[in-house]
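4 protein chains.
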Amino acid sequence: MGIRLGANRYGKAENRVVRIVRDTERHDIRDLTVSTSLRGDFEAAHVEGDQSAVLPTDTQKNTAFAYAKQYGVAPIEDYAQALGRRLLEATPAATGAHVRVEEHAWDRIFVGGDTWEGHDHAFVRRGGEVRTTEVDITREAATVVSGLCDLVVLKSTGSEFTGFLKDDYTTLPEADDRVLATSLTASWRWTGAALEGGLDWNAAYGEVRSSLLELFATTYSRALQETLWAMGRAVLERQPGIAEISFVAPNRHHQLVDLSPFGIANDGEVFIAADRPYGLIEATVTREDP
Amino acid sequence: MGIRLGANRYGKAENRVVRIVRDTERHDIRDLTVSTSLRGDFEAAHVEGDQSAVLPTDTQKNTAFAYAKQYGVAPIEDYAQALGRRLLEATPAATGAHVRVEEHAWDRIFVGGDTWEGHDHAFVRRGGEVRTTEVDITREAATVVSGLCDLVVLKSTGSEFTGFLKDDYTTLPEADDRVLATSLTASWRWTGAALEGGLDWNAAYGEVRSSLLELFATTYSRALQETLWAMGRAVLERQPGIAEISFVAPNRHHQLVDLSPFGIANDGEVFIAADRPYGLIEATVTREDP
Amino acid sequence: MGIRLGANRYGKAENRVVRIVRDTERHDIRDLTVSTSLRGDFEAAHVEGDQSAVLPTDTQKNTAFAYAKQYGVAPIEDYAQALGRRLLEATPAATGAHVRVEEHAWDRIFVGGDTWEGHDHAFVRRGGEVRTTEVDITREAATVVSGLCDLVVLKSTGSEFTGFLKDDYTTLPEADDRVLATSLTASWRWTGAALEGGLDWNAAYGEVRSSLLELFATTYSRALQETLWAMGRAVLERQPGIAEISFVAPNRHHQLVDLSPFGIANDGEVFIAADRPYGLIEATVTREDP
Amino acid sequence: MGIRLGANRYGKAENRVVRIVRDTERHDIRDLTVSTSLRGDFEAAHVEGDQSAVLPTDTQKNTAFAYAKQYGVAPIEDYAQALGRRLLEATPAATGAHVRVEEHAWDRIFVGGDTWEGHDHAFVRRGGEVRTTEVDITREAATVVSGLCDLVVLKSTGSEFTGFLKDDYTTLPEADDRVLATSLTASWRWTGAALEGGLDWNAAYGEVRSSLLELFATTYSRALQETLWAMGRAVLERQPGIAEISFVAPNRHHQLVDLSPFGIANDGEVFIAADRPYGLIEATVTREDP
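Chains as they are written, first to last, in our numbering: chain A, 1 to 290; chain B, 1 to 290; chain C, 1 to 290; chain D, 1 to 290.
Treat the hints with care, since some could be wrong.
Pair by pair, the computed Cβ-Cβ distance ranges are [claimed, not checked]:
#, chain 1, residue 1, chain 2, residue 2, range
1, A, 255, C, 126, 30 to 40 Å
2, D, 112, B, 105, 50 to 60 Å
3, B, 171, C, 71, 25 to 35 Å
4, D, 89, A, 255, 38 to 48 Å
5, D, 263, B, 263, 31 to 41 Å
6, B, 202, D, 89, 49 to 59 Å
7, B, 256, D, 174, 19 to 29 Å
8, D, 206, B, 171, 47 to 57 Å
No lab work stands behind these hints: they were computed from the structure.
All values reported here derive from a predicted model rather than from experimental measurement.
Don't be surprised by glycine CBs; every beta carbon is placed ideally from N, CA and C.
Assemble the whole structure, with the sequences as input and the hints as a guide.
Next comes the structure, spelled out in structure tokens:
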């Protein structure tokens with residue numbers, strides 16, 4: 001009656017890879033969460049229970065850890081590509097490998113005295129945003145996306161929301177001065193030319209992050225959508241190697257608290273930060289001829 | 001230099017809608033998490049800051065709550081379609097509306113005596129899996145996907161993993177008897193014909209859920225992939241109205257604990273349930289001619 | 001200048017112990033999260049770095065898993081006592097051992113045909129509340145507390161909140177019919193006499209759970225406090241072996257949604273379930289002469 | 001049969017108070033999570049359902065927000081004391097009020113040009129540790145505890161764990177060079193004399209945080225216990241106003257990955273960060289004559 005296997009993939013998710021570089025007394029730390037998957041012709045594994053073409057997820061895990069030593073993990077875009085290529089090469093039935101890496105930043109602890117450059121082997125986790133990469137490798141091509149998530153930003157003024165469409169269910173008053181806040185996820189895809197030309201991934205990451213923050217701060221916002229567009233356009237203008245940038249931006253609502261029952265004015269000073277529901281804005285900014 | 005807006009959408013996520021039906025003394029409760037979004041021509045909102053075509057996410061929220069009364073929320077597939085149609089209709093610039101609903105089940109509390117049918121207005125949350133639907137509405141068509149998530153199942157035997165591909169990084173021993181466990185997410189898309197013919201959504205949900213559990217239990221598993229295939233095939237065979245079913249199945253590893261240092265045999269009796277990393281298996285089973 | 005070590009303890013937290021009982025073809029599963037700690041004279045470990053009196057947390061973990069086989073894990077109150085006694089015995093410097101066990105319930109999968117008693121070795125996680133025990137063992141005595149957490153209950157009527165104290169910051173209107181909901185944590189301490197006399201822990205657990213649900217359902221509630229008192233009193237009246245019962249009850253607020261802007265009446269039918277803030281009510285009910 | 005109400009308290013938990021200070025164009029942001037509770041003679045509320053002595057949790061919430069404007073929220077120790085005093089004063093039946101405040105730090109966004117001091121009204125959440133205070137107010141006295149949580153620190157060397165007690169269940173090898181990591185919670189109680197004398201809470205917070213980091217970094221650690229002791233002793237030595245400091249320190253295990261099957265040496269370079277189980281070390285360091 002015509003039933004078949006459709007799209008499928010399998011892998012090992014959330015390997016917590018911590019790499020200490022200790023070639024000298026001044027150590028370095030790289031703290032990653034690594035997920036890999038393979039896709040391709042794995043029909044026999046599903047339909048006949050024949051695993052002979054399946055590289056186990058346990059082997060994928062081993063490779064992620066072994067490559068952390070053999071290949072190194074910095075920058076994560078290079079590590080992810082190397083890992084993806086290896087998994088694809090080791091699995092003839094696979095047509096593609098996907099690798100996602102999250103990097104959790106650490107700072108050196110400062111202890112005063114003669115070590116103001118920070119301690120040699122003691123670190124404090126930075127918190128804040130997580131740097132990410134998603135790499136997709138096929139037999140023919142590689143796609144590299146860099147990004148970040150959990151970059152929480154807020155403007156206490158310079159934001160309005162007015163002139164919107166109204167229907168029978170609209171009660172929201174127009175706001176000519178509001179708090180705008182989001183926990184930003186951004187991911188930017190590099191052009192093939194940029195990949196071929198070679199990239200300073202770490203420098204590029206810092207530049208994109210700075211652009212995002214700067215445009216968030218300096219754009220007068222008539223909606224979170226306008227802010228995302230401004231951020232995306234600036235990144236593409238400044239980074240010719242980036243083909244496209246995508247945003248997922250939950251609107252973290254800050255509701256002005258009504259203090260008037262207590263005879264207290266509240267001109268944008270006291271807010272309750274709401275959990276749910278939240279606005280969720282998603283947008284991609286792209287080159288016309290990528 | 002040719003930069004333009006790409007794909008974009010916006011909406012209100014995770015509205016916690018609780019609907020009490022109290023037309024008689026015997027109340028009923030429906031507990032939902034509702035997310036909506038709109039997509040279409042919203043370029044002016046991004047590029048020019050012009051919100052005149054944008055139905056606010058706050059209005060989307062209001063509509064979700066108002067429809068819970070005006071239209072009712074059961075079954076969730078009907079509520080989601082009605083809500084999606086309304087949002088699309090209210091927003092001329094939109095080309096599509098997407099609605100996701102999660103339903104959290106409650107049971108009546110049993111208190112003995114003459115109320116063994118369960119209390120009229122006291123409930124206990126069931127836990128276990130969450131029922132879901134994802135509905136997509138355009139000006140031309142509707143797509144309805146039903147599903148569930150967080151259905152945690154385990155087999156203590158009747159599962160092996162042998163004969164797999166090996167490379168230089170493979171250390172996993174073959175296992176001819178292992179624990180197989182997953183937290184299942186499944187989503188099944190209905191055919192257009194089924195939607196037109198009318199469906200008993202609640203009955204269908206129960207039947208699919210039962211099929212999934214039954215096949216998980218009764219399939220001798222040579223890999224989680226084979227189990228997913230068996231579940232998917234059975235659902236499609238039994239439910240002619242379903243065009244396709246997709247699974248996301250994290251392999252919740254249960255590692256046999258080595259008790260031999262203490263002189264204790266451990267023949268599949270004591271396991272440590274691991275958090276991370278985990279295998280992640282994804283597969284779709286589809287009709288050849290959907 | 002007089003600085004000393006104060007209270008201290010150490011242990012291994014959240015061992016995920018899964019025990020399969022497979023003496024026959026009809027398996028059973030027990031799924032636990034086990035935390036242990038030791039306290040006593042561990043000053044040398046802190047002040048001098050001398051670990052010779054310290055049983056490693058890794059050994060505590062090993063013992064938890066080994067005892068799952070040697071001693072068994074059901075009922076959890078017995079397992080926790082045995083484990084605590086062992087840890088205390090193995091650690092001369094310790095004056096006390098504390099063991100907390102959470103049990104996550106599973107049901108057999110029903111597959112029809114001749115197995116309507118449920119499958120021999122396939123299980124589905126039940127969800128809902130978690131059964132708990134906290135055992136404290138010293139050289140002289142044992143304290144056993146049984147309990148549960150995450151029992152989420154809701155009444156759609158039969159609850160009011162009126163006549164409360166008002167001050168300048170009070171805006172809450174009186175409510176003569178509201179939704180009352182909580183995610184209940186309850187823990188009940190057994191008398192020494194009950195421990196000596198021997199207990200059917202599983203039966204007692206079922207009885208207490210039923211009493212809690214029944215009283216929640218049948219008590220007309222003038223505040224969550226009154227409901228907790230009614231539940232606690234009933235448990236103590238029905239269970240002579242229980243000396244004391246304590247509750248932690250977050251008040252899960254369900255706010256009536258104002259649908260009047262849309263011309264829709266909302267007589268207790270549509271609510272938004274709020275996340276934060278939440279009321280938090282804690283109370284202990286005790287015997288006067290325990 | 002002698003059943004009575006024991007210890008009880010009630011309040012509002014996790015008020016998400018965000019305070020924007022905007023007296024000039026250079027705004028400031030304070031982002032708090034505030035929980036309050038009252039205890040005292042509330043027997044009538046429980047036993048008779050009489051709420052006339054109960055200040056609603058909703059009023060406690062209102063007061064937390066109103067005081068954010070009327071009194072200000074910085075430093076959190078002062079705000080918490082003022083809030084606790086107010087709640088106690090407003091509730092004659094109460095004998096004590098407890099207030100917990102968590103402060104989530106934000107940094108100004110730097111945008112270059114003439115604003116290298118950071119933007120006037122755009123902020124990025126810092127992440128990392130959360131500053132805390134717990135204040136307890138009675139009719140007679142006040143107790144103030146300052147603290148922090150989620151300070152994640154790691155040493156890549158300078159840590160051992162050897163010479164520990166061994167029993168039949170011990171398999172842990174001695175480690176003369178290991179990774180030591182924890183997510184630190186610390187809370188320090190101020191002496192009555194310090195409270196009376198007045199304190200620069202912000203400066204003190206910075207000094208204690210620095211001391212904790214410095215001692216973590218510079219203490220050669222023969223166990224996490226020894227590190228906690230060193231941190232606690234240094235804080236008490238340097239801060240005469242602190243009577244006592246308590247730590248909760250989960251030992252975040254980093255397990256060396258065995259790469260030898262692949263012919264790769266791993267001399268402390270590649271680790272897997274484990275989630276559960278984890279060691280949990282708790283200790284208090286106190287003045288002998290506080």
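Please name the hints from earlier in the document that this structure breaks, with their numbers sorted from lowest to highest. Hint check: 4 fails alone, others pass.
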